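These protein sequence lines map, in sequence, to chains A and B. Heads up: the first sequence begins at 1249 in the numbering used here, then just goes up one per residue. Heads up: the second sequence begins at 1249 in the numbering used here, then just goes up one per residue.
Calculated from the structure, these hints are not laboratory results. Take the hints with a grain of salt, since some may be wrong.
Here are the computed lysine to any residue pairs in the SDA-like style, where the Cα-Cα straight-line distance is at most 25 angstroms [unchecked claim]: (1) A:K1366 with A:V1417; (2) A:K1251 with A:T1263; (3) A:K1483 with B:F1584; (4) A:K1627 with A:G1612; (5) A:K1483 with B:L1485; (6) B:K1366 with A:S1515; (7) A:K1483 with B:R1393; (8) B:K1483 with A:K1366; (9) B:K1421 with B:F1584; (10) A:K1627 with A:Q1657; (11) A:K1251 with B:L1485; (12) B:K1483 with A:P1513; (13) A:K1483 with B:R1469; (14) A:K1483 with A:K1293; (15) B:K1483 with B:F1584.
If you're wondering where the values come from, they're calculated on a predicted model, not measured in any experiment.
2 protein chains.
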Amino acid sequence: MKKTDYKVALLGFGTVGSAVARILSDGSRNHLRVTHVCNRNVEQKRVEWLSEGVTWTDDIEVVLESDVDIVIELIGGEEPATDWIRRSLRKGKSVVTANKQVIARYGAELEFIAQEEKQWLRYEAAVAGGIPVIQGLRDGLSGDRLFRILGILNGTCNYILTRMESDQVSFEKALGEAQELGYAEADPTADIDGLDAQAKLAILTAAGLGESVLVDSIPLRTIRSIEAVDFIYAKRLGATIRQVSRAERNEDNQVVASVQPMLVPTSSTLAQVGGSRNMVVVEGESGGETAFAGLGAGGLPTAVAVVSDLESITRGTSEVSGILTKSAPREVVGEFVSPHYIRFVISDRPGIIAGLAGVFSRHGVNVDSILQEPGWSKKELPFVMTLEACDTASVREGLKESELFDFHQRPPLWMPVLA
Amino acid sequence: MKKTDYKVALLGFGTVGSAVARILSDGSRNHLRVTHVCNRNVEQKRVEWLSEGVTWTDDIEVVLESDVDIVIELIGGEEPATDWIRRSLRKGKSVVTANKQVIARYGAELEFIAQEEKQWLRYEAAVAGGIPVIQGLRDGLSGDRLFRILGILNGTCNYILTRMESDQVSFEKALGEAQELGYAEADPTADIDGLDAQAKLAILTAAGLGESVLVDSIPLRTIRSIEAVDFIYAKRLGATIRQVSRAERNEDNQVVASVQPMLVPTSSTLAQVGGSRNMVVVEGESGGETAFAGLGAGGLPTAVAVVSDLESITRGTSEVSGILTKSAPREVVGEFVSPHYIRFVISDRPGIIAGLAGVFSRHGVNVDSILQEPGWSKKELPFVMTLEACDTASVREGLKESELFDFHQRPPLWMPVLA
């Protein structure tokens, strides 16, 4: 498919959809023409500025039966999005999507269909908004063998955590602000608890490590339990806190992956990402550490990724064969070995540290340091214990056993420390 | 050209060439096979580990007359490299090169030949080593309209400047260390004085802004004049010093560009790049700021870029049409408007600041601040004047006029401040 005029259909005309239409209407891309907009209650979506001759419809069949060349899926959610993408491909249309859940879960099947139909399926916008990281990993670094991916993939979490860091506000206050600014949804679960980053990490793992993984097997831990005091202790440890998405290949050729809050050294690349920005850092056997950073969300940045995908389809520069179809998806391993941070909130009395150290010692874990900032009430005293490198299971077991102590005022918070 | 077996010739078997051969010999890329190595005194280069059946030669004609599919040019310098690339393309071979001077100066002509011959010319390795930034700008961000490029494109300069910053060593000492570590050449002129970054910036300007520029029209200023004391004053101003390559489109649709040391705020993305690493930050109308960072030099990282280019040729994912051929090359404008930093070294007496402020005032330039650290000899006293935003010409004129004062102990150093 190499032509001079491509008819484009937009499925979904919200923030990203209208931003795509804006970019395509600026007069500089006359080879790409929006001919169809499909949306529920489409009459409420109709705008004057989009060129004449556009068919506005709420019926997907109108798009599927049309002579549209490329369908842009921006409705989100698993269904009917997956079905619409599948049927678009079967109707001989290429598809560009920003839908991380669909690609993470059904990408392999959809790429297979795209190959069969000799169409393209592109999804740069599904991960890290406007940052061209999928292409960077699959093409730009294809000469390397990557073994690790670290990402700040959720702008909402990063906004909340950097707000808590800079002004010592509570999680609830930072979340409220993020919601007011439109960075967080009314129901922030998908962001805060890691489901959003989980899907993105699964896609990056395919693009960068060449491994299909079962999305739901990537373990998640929420950032809800982080308190302002954790940033005080993090700072004393020369670190800050980020929601880190991590995937790597271990010595047994398994994929180890997780999405969770981590203590990140202030000097590390990941700590440099402030506000709602995203970053992906990969490590390769030959090329060392390479980083990609930019705006990970928002209508216009995401639209840039969509339009770049459109452009590469029209240039015929996309490879037809996919990246998700290389291997059958498999479960990831969730157990990284790393130092750990544990913050307890206790009612103080003698012997607490000895008791806790004894527990962890029995699980083969050495305590590295004890930190206790002055000025807190003895009745609700936060203090921090850091553990030398150990596996997550040992930390969990030690914490489980330490539940028997009666000094806890709140459940302890633990996080791995990025080495 | 889409086949299962590609014969590859290496022109030049130094650090990068042998790293490419290593990667291609690791057993995971059997569709790419080194069949020819061409180098002066080739007998001294011959290695055992490169697969049998390789033709080792010092005669380019042997390569040109062979059935090699892809030629990798790694000999550096303008000639005979340009001639060899041209003739390889004319012989129906695709070319991958890491040669920034050839691409910056003759890239448009060579891309034109590649198009005529229906071959590929790829040069990701010419800029920023292993960081896939050319592809990122031309493809990954093609959906945006970029208007600014900022780069740390020379690892040697960045190593020297970050060494001076962290340990307050002199320029000469930092340069000597860089030479010992192999980061700087015996003749460091091309790095230190900006010629290396100049060629890279010209290529990025074509890839990112879509503008061919005359390489030699990009103004250069050396980092040789930076002294350890400048980092003390930079720190007081919340900044550090970097060799910054900058290109942007101005309101008159001209390309403004330069390579020079600049004062960079510590909080800015560019200031985060330490040691010999490289970074490219672009700004787009829709996507905002996007950054690419990684190892900008060295055998293996550069080899990753070369092999990634090879892979994309074999996948047929490269666009045949070039990026350098879009417009006739034109001169850049060297005059940015920005705040400026000037460091004087004077023999102290009353009235100096008034005199200097008067001079700049006559050129329409306002002094923003005067900084003078204690503890220096009055006879050789460094102090700093910062100027409010003004054009470079006014700074030069003011400095020219101030030469008439007899208090100077050394010529003043001036740098723009990155806003």
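Tell me if the straight-line CA distance from K1483 of chain A to K1293 of chain A falls inside 25 angstroms. Not OK: K1483 of chain A and K1293 of chain A at ~48 angstroms, beyond 25 angstroms, violated.
Just to be careful, I want the Cα atoms of K1483 of chain B and F1584 of chain B compared with a cutoff of 25 angstroms; is the pair within it? 23 angstroms, holds
Keeping to a limit of 25 angstroms between CA atoms, is the pair of K1366 of chain A and V1417 of chain A held or broken? Violated. K1366 of chain A to V1417 of chain A sits at ~53 angstroms, over the 25 angstroms cutoff.
Straight-line Cα separation of K1483 of chain A and L1485 of chain B no greater than 25 angstroms? 24 angstroms, holds
Is K1251 of chain A close enough to T1263 of chain A, meaning Cα to Cα at most 25 angstroms? 29 angstroms, violated
So if I understand the rule, the pair passes when the alpha-carbon distance is 25 angstroms or less; does K1483 of chain B with P1513 of chain A pass? Holds, because 22 angstroms separates the two Cα atoms, which is no more than 25 angstroms.
Measure nothing beyond the straight line between the CA atoms of K1483 of chain A and R1469 of chain B; if it is 25 angstroms or shorter, mark the hint as holding. 39 angstroms, violated
If you draw a straight line from the CA of K1627 of chain A to the CA of Q1657 of chain A, is it 25 angstroms or shorter? Holds, at about 8 angstroms.
Restraint status (C-alpha distance of K1483 of chain A to R1393 of chain B at most 25 angstroms): 39 angstroms, violated
Given the proposed pairing of K1421 of chain B with F1584 of chain B, does the C-alpha separation stay at or below 25 angstroms? Outside the cut-off at roughly 32 angstroms; violated.
Decide if the proposed pair is consistent with the structure: K1627 of chain A and G1612 of chain A, CA atoms, cutoff 25 angstroms inclusive. The given pair, whose Cα atoms are some 30 angstroms apart, is violated under the 25 angstroms limit.
Hey, K1251 of chain A versus L1485 of chain B, does the alpha-carbon distance stay inside 25 angstroms? 55 angstroms, violated
In this structure, the hints that do not hold are numbers 1, 2, 3, 4, 6, 7, 8, 9, 11, 13 and 14, in rising order.
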